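Undergrad: Could you slot chain B onto chain A? The hints should help.
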Amino acid sequence: MPAVVVLVVVLGIFALAYRFYSAYLAERVYALDDSLTTPAHEFEDGVDYVPTNKHVLFGHHFTSVAGAAPIVGPAIAVFWGWGPALLWIVLGTVFGAGVHDFGSLVVSARHKAQNMGTLTESVISPRSRTMFLIIQFFLLTLVNAVFAVVIGILLVANPEAVIPIFVEIPLAIFIGQYIYRTKTSALVPSIVGVLGLYALIGVGQAFPIDIIGIAEPLGMSSRTLWIVILFIYTAIASRIPVWVLLQPRDYINSHQLFIALGVIFLGLAIGLDSMQGPLVNTQVPADSPNWFPFLFVTIACGAISGFHTLVASGTTSRQLDRDTDARYVGYMGSLGEGSLALGSVLAVTAGVTAAGIDLSYSSMYPDFTTASDGAVGYFVSGIAGFASHLGVPISLGTVFAAVVVVSFAATSLDTGVRLQRYIIQEVAGNAGFRPLARNLTLATAVAVAIPLALALAPGGGQTGYAFGRLWVLFGTTNQLTAGLALTVIAVWVTRNGRGALAQIVPLVFLLVMTTWALILNLQGFISEGDWVLGPIDAVILGLALWLIVEAAITMRRVLAERGAPVAGAEGGRR
Amino acid sequence: MGRPGRLRAWFRRLDELHEAYFVGRWRSGLRREARRQEELLLALLFLEALGVENPAGYQTLELYPHLVESFHAWHRRAGLERFPEPGVCC
Numbered sequence: 001m002p003a004v005v006v007l008v009v010v011l012g013i014f015a016l017a018y019r020f021y022s023a024y025l026a027e028r029v030y031a032l033d034d035s036l037t038t039p040a041h042e043f044e045d046g047v048d049y050v051p052t053n054k055h056v057l058f059g060h061h062f063t064s065v066a067g068a069a070p071i072v073g074p075a076i077a078v079f080w081g082w083g084p085a086l087l088w089i090v091l092g093t094v095f096g097a098g099v100h101d102f103g104s105l106v107v108s109a110r111h112k113a114q115n116m117g118t119l120t121e122s123v124i125s126p127r128s129r130t131m132f133l134i135i136q137f138f139l140l141t142l143v144n145a146v147f148a149v150v151i152g153i154l155l156v157a158n159p160e161a162v163i164p165i166f167v168e169i170p171l172a173i174f175i176g177q178y179i180y181r182t183k184t185s186a187l188v189p190s191i192v193g194v195l196g197l198y199a200l201i202g203v204g205q206a207f208p209i210d211i212i213g214i215a216e217p218l219g220m221s222s223r224t225l226w227i228v229i230l231f232i233y234t235a236i237a238s239r240i241p242v243w244v245l246l247q248p249r250d251y252i253n254s255h256q257l258f259i260a261l262g263v264i265f266l267g268l269a270i271g272l273d274s275m276q277g278p279l280v281n282t283q284v285p286a287d288s289p290n291w292f293p294f295l296f297v298t299i300a301c302g303a304i305s306g307f308h309t310l311v312a313s314g315t316t317s318r319q320l321d322r323d324t325d326a327r328y329v330g331y332m333g334s335l336g337e338g339s340l341a342l343g344s345v346l347a348v349t350a351g352v353t354a355a356g357i358d359l360s361y362s363s364m365y366p367d368f369t370t371a372s373d374g375a376v377g378y379f380v381s382g383i384a385g386f387a388s389h390l391g392v393p394i395s396l397g398t399v400f401a402a403v404v405v406v407s408f409a410a411t412s413l414d415t416g417v418r419l420q421r422y423i424i425q426e427v428a429g430n431a432g433f434r435p436l437a438r439n440l441t442l443a444t445a446v447a448v449a450i451p452l453a454l455a456l457a458p459g460g461g462q463t464g465y466a467f468g469r470l471w472v473l474f475g476t477t478n479q480l481t482a483g484l485a486l487t488v489i490a491v492w493v494t495r496n497g498r499g500a501l502a503q504i505v506p507l508v509f510l511l512v513m514t515t516w517a518l519i520l521n522l523q524g525f526i527s528e529g530d531w532v533l534g535p536i537d538a539v540i541l542g543l544a545l546w547l548i549v550e551a552a553i554t555m556r557r558v559l560a561e562r563g564a565p566v567a568g569a570e571g572g573r574r
Numbered sequence: 575m576g577r578p579g580r581l582r583a584w585f586r587r588l589d590e591l592h593e594a595y596f597v598g599r600w601r602s603g604l605r606r607e608a609r610r611q612e613e614l615l616l617a618l619l620f621l622e623a624l625g626v627e628n629p630a631g632y633q634t635l636e637l638y639p640h641l642v643e644s645f646h647a648w649h650r651r652a653g654l655e656r657f658p659e660p661g662v663c664c
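For the protein sequence lines, the chains are A and B, in the order given.
Counting from 1, one number per residue, gives the positions in the first sequence under the numbering used here.
Counting from 575, one number per residue, gives the positions in the second sequence under the numbering used here.
This list has only true hints and no planted wrong ones.
Derived contacts from chain A toward chain B, CB cut-off under 8 Å, selection only:
| # | residue |
| --- | --- |
| 1 | Val47 |
| 2 | Val50 |
| 3 | Ala186 |
| 4 | Pro241 |
| 5 | Tyr251 |
| 6 | Ser254 |
Please keep in mind that the hints were generated in silico from the structure rather than gathered at the bench.
All of these numbers come straight from a predicted model, not from anything done at the bench.
C-beta: ideal position from N, C-alpha, C; glycine also.
Bound conformation, chain A alone (with noise of 0.2 Å):
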């Protein structure tokens, strides 16, 4: 089938669910009303309460929730066949994903523009936030891990990618300092900048960077070493100050995202390549994991993303500028967010069936460890596949697509690392463990040790994990996140005397999706004697079941109390 239709017809769906279901959820279930004030006008500060243009802060709210992982969870998921995954892209994005992501900013936008981890709080009860920050512990460790991994792999595979990742690093911090210090447009630098990192490509493939010289004498695998080098370079990033480094980095991968998508989208149309590998894997070995339940949180981000709820809460509700934009913002949102997965899963399928490209199916996906080993790897082929349609060579595009997705990872992983800290700090200050909670080194080396210790161990320094079984529990903490959204999002609606089913459907499903794949998970890791994620699985399976219960607690407490008036639930009035 040409790959061409597949994207018509999901875009097709994506345009019919903004048009009407959107229309729905605003209309009935979360009553927008632009007669409310919101906070961007209530607490104006030109800073973070800015009321901002609707395309504007769609933009913004899109590069902030678009990453690595929406692209790398739908090309693994490929291994069960290329429909499952579209299916629950398309079903995910449009009625998990849209209500979870609207939601998020609609009850934020009436509560101050709190964020999640206070709404939790506020809606559901005081032991909810204590919940919420264990989760986003996991969450953390997990992406850390799972993202060092994602770029190891992609600098060994990719030695010509080396020159120019680090060199983006100076480069951010100089488009960094020439916007702060200059008043003048930014967008001839920006340009010079960007294609001055592509220009370096060449410069990357004269001379590639193998440290396999420098590993193999420390006992390592070059990816061993990567790892290494890469949590040493987070630990010192994330102890400068933010503007200096990661949001002129975020800068350089917001120019980045649109010229991915572009590359994509337009090589896709001109190349007409047609979809490779089955709509249903019916040839996965016995011993793989089943597809009910583990396509649900192996997609994860690339259909409904727990992530998504702390830019929408807390960050992207203090621009609002009018109540009804939130439809816009957020479900076109999710839907942006659905259409790079989409990308994804046709770069895998479709991208690498182009000329000069040596993938085919049965080498890509025999079994789950290669293919979510190599589903990275895939993808970037899949991009230079197309850009070979728009006249790149196949080994330019290769690298340039490693560093698009390799600048995301690490920014993901400063943030990452950083958010670590914080909560690390948090927890050791309410455990009363002040020399933890004081001192920033000590946090920092915590929250680097952790997820360190996590992508090697127990290799033995060769390899690590198979990287699939760190993605899916990943991807359960990243579903629980979404689901702890939810709870608050249908007990607020609730509480106005509307009905929540549109987001107690999304709600279970993937409550017991994420349970049944933690309890599969649980019992390979107990025969295989996996002392190390059996217990993280356990306290990540403890975490979906007390969510359970807290959320059947709360939902038959509000409907309880249904009809009475809710004191504060509700902004003011212009």
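TA: Here is chain B on its own, set in the frame of chain A:
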């Protein structure tokens, strides 16, 4: 409008779009950092009124009249409608 004029107008439009989509977010990050540093200074100066010692009190005495207004906005942002110590700002 001739071709150079149209080209300039198009570039200006592109620049505005780029500023709104990409640079605006970055500049607001810079403003946030500037505000954080200013708030640190305000805390250093004005919390003396609540008994927190300012080691540079003598050297910074002249700054107070210039910063009273910013301090008032800051404690309101922090959730204190009125500063507890009378006579400082409100």
